[in-house]
Structure formats: C-alpha cells, structure tokens
Amino acid sequence: MNASLLALQALNGLQYGMILFLVAAGLTLVFGVMDFINLAHGVQFTLGAYLTASFVARFDNFALGLAAGLAAALALGVLLEIAVFRILTRRSHLEQVLGTFGVILVVTDALRLVYGPAPRSLRMPEALSGAIPLMDGLMYPLWRLAIIAAGLVVALALWLLVAKTRVGMLVRAGSTDRETVSALGVDIERLFVLVFVFGALLAAFAGAMAGPLLSIEPTMGDNVLILAFVVIVIGGIGSIRGAFVAALLIGLVDTLGRAFATDVLKLVLSNATASAAGPAIASMLIYVLMALVLVARPAGLFGGNGPS
Amino acid sequence: MTSSFRRALLASAFVAPALFGAAAQADPVKIGFLSTLSGPSAPLGVHMRDGFLLAVKELGGKLGGQPTEVLVVDDELKPDVAVSKVKALIERDKVDLLAGVVFSNVMMAVAKPAAEAKTFLISGNAGPSPLAGKACSEYFFSASYQNDQNHEVMGKYAQDQGYKRVVLMTPNYQAGKDSMAGFKRHFKGEVLDEIFTPLGQLDFSAELAKIASAKPDAVFTFMPGGMGVNLVKQWSQAGLAGKIPFLSAFTVDETTLPATKEAADGLLSGAEWAPNIDTPENKAFVAAYEKEYGVAPSLYAAQGYDAARLIDGALKATGGKTSDKEALRKAIASAPFKSVRGAFKFNTNGFPVQDFYVVKAVKRGDGAYVTQTVSKVFSQAADAYAAECPLK
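Top line first, the protein sequences correspond to chains A and B.
Going by our numbering, the first residue of the first sequence is number 89, and it counts up by one from there.
Going by our numbering, the first residue of the second sequence is number 2, and it counts up by one from there.
Chain B on its own, in the form it takes in the complex (with noise of 0.2 Å):
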C-alpha cells in the first residue's frame, strides 16, 4: 500500500462523514401519501391521487426545488390498515410528509400517530370536525375544506331561496348526521323528515316513494360514491326531477357523473371549487388534468393538486428543508402558492379560509357532464369550530 494512497484512505474516514451529510441533503424530498384506491370509493381517492401527482409531474418532478418521491399507499378505506401503513412510512421509509386522506373516519386514525411522530399531515380531501376544533394540531393543515361546510352551503342557499319544507336523506353513520347538522346550521325552515337509509344501501324506491308523497319544496342529501349515483338515477326514473329541487353534497361530482350522465342535469350541489372557477391556474389545471387522465377532474382532484403545489410553496420558502419543523409550519400556514380555487388562506386551527359555491351539473360542449358555479354562497368562509381550537 502506498503512503499517497493511505493518505487518501486516513483522510477519507474524516471526510466520509462530511459527504455522507450532503447525500442526506440530496435525498430526495419523500412524501407519504394515503388515499383509498380500492372498493366502491376509490374513484373519489384515484381523482385525489391523480391531482397530486399531476401538480408533482408539472413541477418536474421536483416540489420546492427538490427531487420529490411520492410513495402512495391505499388505506382500504380501513381505519387500522391506514394507521400501520401510516406508521411504516413515518418509521421504515422516513417520509418528510404525509398527505391525501379521503375519509374522515381514516383521517380520525391517522392523524393523532402523524402528529406524534411530528410529521406534517396535508389533507387532500377529509376534515373532520375534532380537527377542526378541540383536537387541532400544529401537524395538521387541510388544502380542502371543513366537512359541515359544503352542507351549510345547500342549508344557506335552501334559506336563501325560501324553502319552507325541506326532506333531509343521508346514509345512516356519523358523517350523515354531521352531514344534517351542517345543513340545518343555516335552515330555518321546517325539516318534514330525517330520511336515515343504511350505509351503503343501493335502491331508494321506498325513500322516494316517501317523498314523492310528503310533496317537500326541495330535498338535501348526502350520498358519496355509488350511492349517490343510484340515487340520482332512480331519482330521474321515478319523474321527481324538475319538480322537487334536488339539493346535494358530495352525490353530484365528476366522479359520479360519467356514471349518472343525463340523469343528474341540473341537480345542485355545494362546493368549494368547480372546473369553471375562472383563475388562470384552474384553466391551466382543468386542461391538463383532461390531457393526462382524457376525463374532467372532480373537486378530489382540485384538492390533490392545491396539496401538491403547497407542498411546493412551503418547500421553496424553506429552502427545501423538512428538519426544522418551526419554520416549516410557518411556512405552510403562510399557503404559498396560488389555489385554483382563487382566494386561498389558512385559518388558526389549520383550515382554509375560501369561497364556496351551489353548483350545478351540466352538459359541456364535448358532450361531458361537469359541474359549473350557479352561486357564490360563502365569502371567505371559516369554518365553525376555530374558535375551539386553541392554536393560535
């Protein structure tokens, strides 16, 4: 061995440690994000998925600059699934952040172990009233919306259009009781009946029967995924359409949409985003998702993108750092970058502060069915439990 090369070996063992440090910095920035991708709900978390990765492949590839790694997992729309998947992409693969969750009975589950282990959590889509109010967290930001406020939106427009006699129907679990709730936060009116259908149950006939006969002035439900597509169907077969305002949430989107087509024209829904909100980053966003995907994005894929691209913004402002958790906080509650939606700020407790809309199904040019903005119902809407989170 010569003495040069022992030189270079001797000085290498303290270089090494030096090196092994800057390899640490190009690592590339890991994001852990859950969605549910299997079952009867997965177009809502694939829209969702394709959102985010969309924003990622425009950035290059890269969000604040840094190479970025998305490792997506589906939570089988189980709440212990997610927790362990959750916990082996904190522990085994080091994610930087966590982001997506379309359910709330999933985002319940996941978020306290996020939290824990001090890791920001992005949502994507769910946000569950705890979240919002007494169990906020400094680890928990949501690039969507507060549950009850796209039905406190149908609540204000029934108001708004003076409905007296209102039928309310919604699946039979937690979120169709918060579901009621949001929508009476704001109706004043008379409830004639709180139609409670089993979840997951396929053929309204009795329900519809039954409101055929109470002749209400309009109806406010709450039926996701294929539910709400039966629903809609058998709503049009049964003639009530255009005779009994159809009032949703969450039913009539572009993920049920190519399945109920025709049948859920001009049916209403309340939302925080539609493909017409005219900002120059939506037209960018709409065109791009319909090349890449050839369908037209839901408000699921909105939020996924808006996820993405503050990621991006937070990443930039730290200069792509993830250790500091402070500044990273900061930075994210900042909301860097420009939503689609418009008009986009963080509240105290981690939620958006933004617009929210009735929309309304119809048919484009190309023959695709889409939603488009009737009203603007909220401006600058916070959610209502802020005041309980003690964050400040």
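Next up, chain A with everything else stripped away, as it sits in the complex (with noise of 0.2 Å):
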C-alpha cells in the first residue's frame, strides 16, 4: 500500500460516488417531494444505457447518440409517469412498491425481447477511451475522468437550480407543504411531473455514462437501485446536498474498502484467513456506515428540513 495507489482507489471511489449520485439524486427528490417511492427508478438507468449504446451505433458518433439515447429515453419516463406513476402517487407505499416493481419486471423483459439476451457495448469517444499516466506510472481510465467531471457540473447545476431559481424554490415548498403551496395557484401536479421527468433523465444519463465501462443487459439497474436507496437514506431523503455527500461517502468507502480490506487484515489474521474474510467485510462496508448513520442522526445526514 503506498500514496499513490491510495490516491489512485480514491478516484475510483469518486468516479464511482458520481454515478451513484447521478442515480441517487432524481430518486430522493422523487421520494422527498413527491412522497413516491419509485423502485422502478433503476429501469430508466438501463434504458439510458441500451438506448444511448444502440444510438452511439446508428450515428457512429458519441454526442449525437447520447443526446438521442437521453430524448428516447426521456420519453419513454414521461410515458411510464402518464400510464403507470401518475395513479401510483396518491396510493399507499406498498401499492407504490408493488406497482413499479412490476414495471421492473415489464421492462426487463422487454428489454430482453428488443435486444437478446447477450450483454451489449457501448462504444465510448475515441478521443476519451485511451488512459493516462499519473503518479508513480499508474494508469488511469480517462472516460472515468470524464464521469467525474460530469458528475461536479450535474451537482453544480443541480444544486444552482433548487437553491436559486424559481422552479427550486417551488420544489423546496412543495416538498415541505403541498397542500399551502397548491392554495397558493401553483399547479403542484405539474411541478411534480417536471421533478419525476428530471430525475427520470439524470439516472438515464447515468447509465448512458456508465455504460461504456460496464455491459449493458437487462438487469443492470437492479444493483444501482439498491445503492441508490442506500445513498439517500444516509444523506436524508429529499436533500440533493445530502445524495452528494452520501454517494461519494458510499463510493469511496466501498472502493477503498475493496482495495484495502484484505491488506489491512493481513497485518493482524493469516494470509488465509485474511483472504477469507476481506472481501466479505469489504461488501458489508456501506451497510456497516449506513446503520451507524442511522443511529447517529435517524433522519439522515441533511434529513429533516426537504430538499436542500
């Protein structure tokens, strides 16, 4: 173990912090706004990924079929909101949790019906697929550079448009009190429609940049899913400022965990034992950090005063 090689973990652990946060984020303003617990949210993070990659191999070019592969799948959120979530909002959380577990399931399978059961790749930008050196010779991926980057300026965006604009501040109340803000004349209904419809995107585009690095198949937003729920329970749910801080705590903490678990057990068990029980303690890592979370502040990180 040296500095490099920490350093190296840690910006995979951001890198993998972002896109949980890209996930997290639609999926707490969902459930803190909107009080709907979206289970289904997963599925537009797949769709992201299938429809970018069969857009990125129509085009051949990368911008073009991200920006096709995010409208396509943006209508296909708008579509699920109208046919399915729009009657799901007003019922209890069980039916919300039945309903769009079944949406899962639809989608899944039609996605396996489209496009095969073969995993699937996205071609990423030549000019982002290479690597490149940083300390001590270590390689690193630039696309993952590049995630991290898009993730600093969707936070940025995303933290400008709820704490200054108009359309936040109608959010921020709605979430807090809905009935008040729709006495007043906004049409909360709308407003609600808009944040699902954001949220819907992000985790789309999320998919659409992981997808060069993983293969896309149809259950690839299962995982993500829980993660994401993991993320906004520890950062309070319906806090952006909450997702971000908790998903880059739950990245590197699972990153450096997965490096160093073993090594730091090997200082104290046999080798065999250390390589035993290192990756179970690594994988158990998040969920250590989220009891402990929970008993420190049980409403979460940020939890408590709506978005923020």
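In case anyone wonders, no lab produced these hints; they're calculated from the structure.
Computed footprint of chain A on chain B; a stretch qualifies when at least three of its residues, placed anywhere within it, have a C-beta under 8 Å from a C-beta of chain A: (1) 32-45; (2) 192-200; (3) 205-212; (4) 237-243; (5) 256-267.
No residue lacks a Cβ here, since even glycine has one placed at the ideal position from N, Cα and C.
Given two chains presented individually in distinct reference frames, assemble the corresponding complex, making use of the accompanying hints.
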C-alpha cells in the first residue's frame, strides 16, 4: 500500500460515487418531494444505457447518440409517468412498491425481447477511450475522469437550480407543505411531473455514462437501485446535498474497502483467513456505514429539512 | 351386431396390447434438455441449447434414426427450480435421457435425482469435481470437460512461459476457489495476490489499480458472463492490455466477444475447443451454426452439438432402444460419434479424455471476434479426479 495507489483508489471511489449520485439525485427528489417510492428508478438507468448504446451505434457519433438516447429515455419516462406512476402517487407506499416493481419486471423482459439476452456494448468517444499516466506510472482511464467531471457539473447545476431558482423554491416548498403551495395557485401536479421527469433524465444520463464501463444487460439497473436507496437514506430523503455527500462517501468506502480490507486484515490475521474474510467485510462496509449513520442521525445526514 | 364384427371386436381385444406395444416403440425418443435461459448468464445456455438443437435438426429431427422430441426447460440458475423441473421431466414427461446443464451448482442438484431414476444425464457444460471423483455415477457422462481442466491449462501455460509472479482474481464462490486451485496445480511460481470479488460485481476499478501497482508477470482470472465482459473492457480502458498478459478461463469466448469486441483482442483463454480446430466435422458445424443463428458458436454451442451427436451415436448402437440401461451405458461409454474437437473418448468416470488448448481472441476477416487456438497445452488429458471414482 502506498500513497499513489491510495490516491488512485480514491479517484476510483469518487468516480463510482458520481454515478451513484446521478441515480440517487432523481430518486431522492421523487421520494422526498412527491413521497413516492419508485423502485423502477433503476429502469431509467438501464434504458439510458441501452438507448444510448443503440443510437451511438446507429449514428457512429457519441455526442449525437447520447442526445438521442437521452431524448428517447426521457420520452419513455414520460410515458411511464402517464401510464403508471401518476396513478400510484396518491396510493400507499405498499402499492407504490408493488406497482413499480411490476414495471421493473415488464421493462426488463421487454428489453430482453428487443435486444436479446446477450450483453451489449456502448462504444465511448475515441478521444476519451485511452488512459493517462498519473503518479508512479499508474494509468487512469480518461473516461472515468470524464464521469467525475460530468458528475461535478451536474451537482453544481442541480444545486443552483434547487437553491437559486423559482422552480427550485417551489419544489422545496412543495415538499414541505404541498397543500399550502397548491392553495397559493401553483399547479403542484405539473411541478411533480417536472421533478419526476428530471430525475428520470439524470438516471438515464448515469446509465449512458456508465455504459462504456459496463456490459449493458437488462438487469444492470437493479444493483444501482439498491445502492441509490442506501445513498438517499444516509444523505437524508429529499436532500440533494445529502445525496451528493452520501454518494461520494459510499463510493469511497466501498472502493477503499475492496482495495485494502484484505491487506489491512493481513496485518493482524493469517493470509488465508484474511483472504477469506477481507472480501466479505468489504462488501458489508457500506451497510455498516448506513447503520451507524442511522443510529447517530435517524433522518440521515442532511434529512428533516426538505430539499436542501 | 353381425358376427363378423363381433369376431373382429374379440380379436382386437387380444391384439390391442400388441398394438400398444408397437405404438410405444414408434413413440419418439424424448430428451429433457436443461439449460439456463434467463438472467444475465442466459447467453451461455442459449448457445448450448442452439448447438444441441442444430445437431438434432441436421439429423432430420431424429437421434439414432428415431424421431426425437427435445423438451427444453429453463433452470433459471436455481438448483431447487432445476430439481423440480427435472423430476417433472422424468416422472410426468417420461423422458428417455437428460442433457444440458450450464452451471455446476445446478448439476450437483440434478445429478442425484437423475441417477436415482436411472436416467442418463449427458452434461453439455458443467463438470463439477465430485461427479468426476467420489460421487461419480454410471448414469452421468460429460460431453464437455471437468471444471478444473480449463484453469489447469492456463496454469500450465503460465509455467511454460516462465512467468514468476502472477495475480489471481475470481468471484468469491466455490467455482472461483476451484478455479484458483486448478491454476495452481501446474503453476509453481509465486502467487502475489488472490483477489476475490463479490459474485456479480461489475466495476473492477479498485482491483485493476491494485493489479497495476503490483506489476505481475501475468494475471489469471475466471469471470464468467457479464462480469467478464466488464472486466475485459475496463482492463483495456485502464491501459493494461498489451502490458500484462491476461490469462483466463470462461471469460473470453464467443458469448462475450460480441460485447467486448476489440477490448478482448489478443487476450488468452484455456479451452478444449475453438472454431478454427481443423476437423471436417468442426468446419461443417461452425458454418452451419453461423448460417442458422447468425453468430459465431462458442465452446458451449460445440459441447451442446457434441452431446446431441453422442446420443445419436449411442442410440444407433442400441437400435434406438433406451430400456436396456446396461446396453445404453456401454453404447454411450464407447463415445460412438465424431466430436467436432477431434479425438474424444470417455474415461472410466464418464468424463472425456481430450486435448486442451490456449486460445486467443482475434478479429476474423468478416469483422467478427472469435477465439483461435494458439498452442496445444495438454494432449489427450484425463482429469485429476478419475482415480477417486470407483467405477471401472
């Protein structure tokens, strides 16, 4: 273990955290503002990856494919909102969970039907496909740096949107007291649709950015969804700032755990025991973190004050 | 009622059982084919099934000259689901033979009920070590390989190449641990690190950084399905391709190459088959498979194809009968078919004795990525467990 490897792993954790943040941002808004548990949020991640992959292949141009893919994912998101989610927003949480879980099953099988069960690939732009040397001759993939940059830009834009604009103010107000905002003449339903669609777009963007790293398959959104829920619970439901901090925290804890847990254990345990226990402990770390945060702050790190 | 009609009726009462007997003979041969057809690992099962069905189709829908019905069922990669479906195939559908099975945990679950029902099971892929050793069965035959062998190929290759320091990386489950054990059987150099990743992990950034900083002579990995696709892509993105030799098993093959494409270019794998193996049977198989399904076949497809042709040969030898178990067993054990792999015979434990190769992912003239043999590592190799099997 040395300093440059630690720095490299921290970058990896940061990149992972950015993907989680993009997914969790939409989820936390929908959950916090609309009080709507959307298990099908991961589906948007998968759709973003699939659609971008097929448009990039068609146009042979990443930027064009990304734009078309996101537009198509957005259209599907709107369609789902009208067909399914609108009916569910006023129902109990249990019905929301059941209904949106049904959406996962339908979309997953539809994707398998359309694209086949074999994993597909998304070609990244040529200019960003290489790796650059960091310290000590260790290489770092440019695409992962691009993801970090994109995540930071989105985070900044989101913060400006929620904290500084009229729409952001209405969203914050709507989450705290939906009746009053509605009584003041604001069309709260339209506001909610906007929030939902925006969240879906962010998840699709995360899928498109993660696509070149991953194999694109119908169930790729499921794992991300679980982690996104962990993120919003740690960050505080409804809080963009909380989602950002928690996503980076989880990205770092998970990556550093995977990278160093075994080595750290080897200092105190025999090699064989450490090799067996290390991976097990590493995969538990984020859930331990969640438990600790919930014990200290039951509403999450930034929870309890509506979107912030 | 006329007397002649009555006589005919009477006669038919005696004749009927014989007629039924004849009808039973003309009944199609029923094969229960168990494969993983849903979930992220479905491409493997689809290839194996397609290879099997292609052979049946080429033989005019007949195996051993008998009309054949193949009942394909999805095991969903769940051992409990597989067991109940196999029991239904045996008891309700009365299948004559079972074939298929991609994953070893499913195989371990279904081999016993099949053997108890005295139904032969021909593996199209999975070859767990217990079935090759102490728990071998006279009702089990493998048309594929014993699990350890493809890993052993890479260990032997690493040893022959003079690699001194290697890093091993596999998913954290039984097959991953077996894989490392198989690699180390012939590799005598230093294992710098054994990295276990959670089964299903899709981002390997942390592990790749670790490998890059350890600077090993080579890396050996076993990452089946989607995990392998991701690892291969990230390996190339991290700038490791061409710097550190990438040795693998069940990671780089025709089921994953359509997704990894150029990222897998030049990566090595251990296998008992590749599309370029130069036998007339193999050339015909590869051409027919690509014509039928529009993609290059993988080793899973080749094994499925061989399994069907093995059953065909055995049924020809028994005259299409499956009732005399001893005769059928002898017929299967003589491996009465021409494998697409070339030389192929059965050991006493029902596993093949065959050649193993190092194969490399290459881009073919038409742009498709396929594996290609680099060198033969083992000639007519038996598995390490046959001696523990009490069968003679």
